[in-house]
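Peer 1: Chains as they are written, first to last, in my numbering: chain A, -19 to 743; chain X, 9 to 535.
These are calculated hints, taken from the structure and not from any lab test.
Backbone N, C-alpha and C define an ideal beta-carbon position, used for all residues, glycine too.
One thing to keep in mind: the hints can contain errors.
Below, a list of computed lysine to any residue pairs in the SDA-like style, where the Cα atoms sit at most 25 Å apart [as the list claims (entries may be wrong)]:
#1 Lys465/X to Pro147/A
#2 Lys682/A to Asn76/X
#3 Lys465/X to Glu148/A
#4 Lys682/A to Ile304/X
#5 Lys682/A to Ile379/X
If the Cβ cut is set under 8 Å, some of the chain X residues that face chain A in the computed set are [what the hints assert, rightly or not]:
#6 Glu343
#7 Trp423
#8 Met424
#9 Thr435
#10 Ala446
#11 Phe458
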Amino acid sequence: MLRYIIFAPLAGAAINWLIGRRLRSEAFSGAVACLAVAVSTVIAFMLAFGAGGALHVNEPNNTTPVLDHIWTWLQVGNFRADFGLGMDRLSGIYALFVTFVGLLIHIFATGYMHGDRGFYRFFAYLNLFMFSMLTLVLADNFLLMFVGWEGVGLCSYLLIGYYLDRPEASAAAKKAFIVNRIGDWGVILGIMLIFFLTSQAGRPSISFFDKPTMGVQSALSYFASLPAAEPFTLNMLVAGGVTSVAILLFIGATGKSAQIPLYVWLPDAMAGPTPVSALIHAATMVTAGVYMVVRCSAIFTHAPMALFIVALIGAATAIFAATIGIAQNDIKKVLAYSTISQLGYMFLACGVGAFVAAIFHVMTHAFFKALLFLGSGSVIHGTHHEQDMRRMGGLRKYMPVTFATMLVGWLAISGFPLLSGFFSKDEILWKTWSAASAGIPSWYAKTLWAVGAVTALLTAIYMTRLMVMTFWGKERFREAHAGGQADEAHAHGFDEGVKPHDARTASVDDRPHHAPGEHVASAHDEHEAHTPHESPWTMTVPLVVLAVLAAFGGFIGVPYALSGGKIPNYFERALEPAIAHPPERIAETGGASAMEQPQYEMLSPKPQQVDGAAPLSVGEGAQGEPIAERIPKSDEVRTELLFTGISVLVALSGIAIGWVMFMTQPLRKMPRLLEEKYYVDEIYDAAVVNPIHVVAREGLWKLFDVSVIDGIVNGLGSGVRELGGVIRYIQMGFVRSYAAIILLGALAVIGYFVFHFIKVPGF
Amino acid sequence: MQQYLLTILILTPVAGMLALVGHSFAPYKRETHYRWITLGFSVITFAVSLLLLQAAHTNFSSFQFEQNVSWINAISARYHLGVDGLSLWLVLLTTLLVPISILSSWTSIDKRELSFYAFMLILESAMIGVFVSLDLLIFYLFFEASLVPMFFLIGIWGGERRIYAAVKFFIYTAVGSLLMLAGIIVLYVFYQTFDYTVILGAMRSGQTISALTKGNQTLEFWLFLAFAFAFFIKVPLWPFHTWLPDAHTEAPTAGSVILAGILLKMGTYGLMRFNLTLFPSISRIMAPYIIILAIIGIIYGALVAMVQPDVKRLVAYSSVSHMGFVVLGMFSFTEWGMQGSLYQMLNHGVSTGALFLIVGMIYERRHTREISEFGGLSMSMPVFSTFFVIASLSSIGLPFLNGFIGEFLIMLGTWMTEIIRYAWIATMLAGTGVILSAVYLLWMLQRVVFGPLKNEKNARLTDLNYREIGLLIPLLILMLLMGVYPRPFLDLSRASVETVRSRVLHTESGGSYTVERLNPQGVSPNR
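Just chain A, same shape as in the assembly (with noise of 0.2 Å):
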């Protein structure tokens, strides 16, 4: 049943680009989308909460993944990776929201895109994408998990470059992939290290979940049956053990997640279409990271040292991204540095330890993320594709459902009392401040403390500077468009009164791409220039929709401080089993160097008390004794309502300020240092990617191996080639003094094997 979850999605992509492209009907394109997320939909939500299911109410303790093996992959020596999928309470979560919200953006698409070109080609993209996060998230492996994430990569690849004719879109694409890359390069060396550690210990796997009936043990119990963690030195991170494993697995989510130092594609990847921005660059792809860490949380309670590098790169990010999202004009931009900023706060979740707060946040920022992005996406198209928020202003009353559902979004975000982002936020201060307590020196939380509830002051200035630019304030967008930023869909040809498309009418009508102009032609035909109207309801339901789940999605984990016990926290009662618990004791650190022993022998596996053990599969609880909520104690409870109170007045401040500030000057000068993101792709490309291509053209391909190789090869003939250019002659010479040497050589060769070693016997 499970399969079809990710192959209903993948049938729908298929028959988009194979029938789709001939039927050329947006009708019949966005029916075929949208019905193969509706029916993942549906599917995950019957497996997650039907009987037997990994979410099922009825069943708390019913920790059994729902499973279904496909057909094994890959099988070489003891390496094996199946096709096959795996559904427990955090994919299952996860399953939930992406279809949900997929769902709701590809209704969205429909509306949005409606006139493109290539509306069969970015549907069957975004299928493509369900597929690839689906199975991501779904895969029981850790190789397939890396097939999804490749995935979902190359989805992202192709949507930020849909629009083929403009050079930046294919830019920021291409940077997009080869950043990825790089943190790929983290997660497959990851892999082949579990797959390592495992094979020393005995019982080779890189399974997630355990499958008696094949013979599969998993991979994650072994690391979640390591008596002790591993000691907090800076070796570990190259001892070659669990700490190892846990660094290399976060380079990728670094890469996947945009976080420092490998965020710089996720602001360019705003060149891509706006639903694309919301699915993929704010609800689910870039959560990926978070997913992965949290699936392995069995390796990263184990790595005290990975930890504390997560909580300070995700705290690092968050204020970093928060202090550039503030002055920055496009209004993707803006969204796109927060997501990267609230992205940072779910990683400072997980390197304090706070897993299930980290995966609510996922949840609850997917909801309200992919709203403002949509909302801003319906304030784009609105007002005909301005993304420059110095142009709009006012537009409240020209759009008020987008207006009303932002608000919510807005309001969200920031953390205000009762809505979904705050109780996620909360918990995440909240936890980072007690981590204390669990091993993480007390200095080092509170700093984190402090920083998170720096950034929650800057998310809400912020957010409240977009909303007043866009909404409120004087009306700007009849002014004429100066310079400025490009829009989206709005080929520069168009303003310019040109008419991009002509150079190429002349071949193929029926050619897959956008064609700039034509959109926004027909939206010039229904409405009159340049005046801001509300967007069809294939936009605004999505928009509502989202906007209720992002006001009340957070009462599924509201903190016993908060709620007595009178409202069970679901969320952490679901999630809870599947999180690994941290060991009880970290190793002693040896008098020996771990860099001086051999990588591997760092750990001590017992192999032979995993063998005498039952399979433990991660998500089970203690020896399956039911999982009752931890009841704090009550002066405990009272410091967590202090700092939800201290969280609610960062929230209120935050918002206060953004409005005082830009209600009165909404193009208040910002520092440019803030407006040209501290010149970090500058610094990038100046340190990193201009050596490497002059190294490799003037070093290795001129001098070395034009100069150096092919000059000993070509010896004299080389020479006297340039200075001659009797082509002719030179050629003949080149052949005579070669075929000489050659004969030369192998007599000598011969001569020397048969005088040298004629003394055989037998000869």
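We have chain A; now place chain X onto it with these hints.
Peer 2: Quick look at chain X alone, frame taken from chain A:
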């Protein structure tokens, strides 16, 4: 029938060649007839080669379809053919790529058709011969015989610098194969036979070269090098690679496809078939150094490919990188690495073959391969662009396409190997080649396929016709199939690879074998 199958396979193209020549005397002949005749015979060859799969139930754990008759009695040279898991898929790859490359020459070859197609058929016959020969002498003859038609293919139908490229190609590879000939003769001196299986049997029973030379490994070392040089040049392993960009770039499309798809594999196949099994202890000693060269090649090839201004040259340099992977996996001496190595040979044939075909198609239309001349081809040639993107992704090693399986297995084998220390560093370095492959191919796609149409000439290009689509489709299907369901391919080569692996790992060489003894220094790139 069974024992003649391989001979039939070798002779069918020859028969085709004779038919071509015969047809040239026919009064009703036309230049266009030649390609049809050639296509017919190469398709028949492919069909016949599929019969090899009827031995699949044996898992090719031993040589199948063996034919072993005396050839030149005086020097006890034998005509000994056979196919096992190492060669099976390479034979099939050969018989598949030849008809495809003939179809690709359909309109692009417009001078001296008769000789072109005749050379193609001779080449096919020689290539099949290389993969199925079990006698060193006829192996050498086929190895050399493949050189001559390729020399003419480049030299007559090539690009502007074709003479230079052809001569360079010829000299490089001829030097290598002459060294191998010397090695073969020395082996003959010792064993009084050219028969590979007989020599191997003698070695297995204790008559190793070092035993025959009273424990002195020097000769064995030089013999290893004599064979290895021939194959290193053919692969080509860095730094013996500089003939390749010239030859690939100047060759006609069909020549590039065959050159990259099959001729390079003769090198890696030779290493696995002969070097590892005939000189196992030297192979172990040399493995760390060869691994270093392979890794340098992976990174070097990728970096140089990145800065090429010429599409075809870019693909050529990417071959250096990909073939580095093949050598790396082979010398890891693990099941993963060696299986991956063999698999990567097929992948490279399919993916790079497809890339050369695609580059050839655009060259035929625009008569240039300069990347800067293109841009925005997805507007004027959407079908072409789709194929180009998929073939590039396959070459990049995207999961569920073929390249991934090979590269992953090779890297896994490298990580798990005990032949070198700090294997994980080697793996990490090799992994950067995977990143770089995305860099150079996607950057190329960005400049060729995507972006605006900035050159008028590109706007009027016609998209692929049915012939061109038809010849790419089989490769496309293979890319998907080999990525999604690799097991049949891997299963049939498993037994043979295991035979080689156990031979290379578990053959004593006058003393007990330990990694430390052979390689006290390790190969840490840190030192």
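Peer 1: Are the hints correct? Go through all of them and say.
Peer 2: Here is how each hint holds up against the structure:
no.	hint	in the structure
1	Lys465/X to Pro147/A	holds, 19 Å
2	Lys682/A to Asn76/X	violated, 50 Å
3	Lys465/X to Glu148/A	holds, 22 Å
4	Lys682/A to Ile304/X	holds, 17 Å
5	Lys682/A to Ile379/X	holds, 18 Å
6	Glu343	holds, 4 Å
7	Trp423	holds, 5 Å
8	Met424	holds, 6 Å
9	Thr435	holds, 7 Å
10	Ala446	holds, 4 Å
11	Phe458	holds, 4 Å
In summary, the structure is inconsistent with hint 2 from the numbered list given earlier, while agreeing with all the others.
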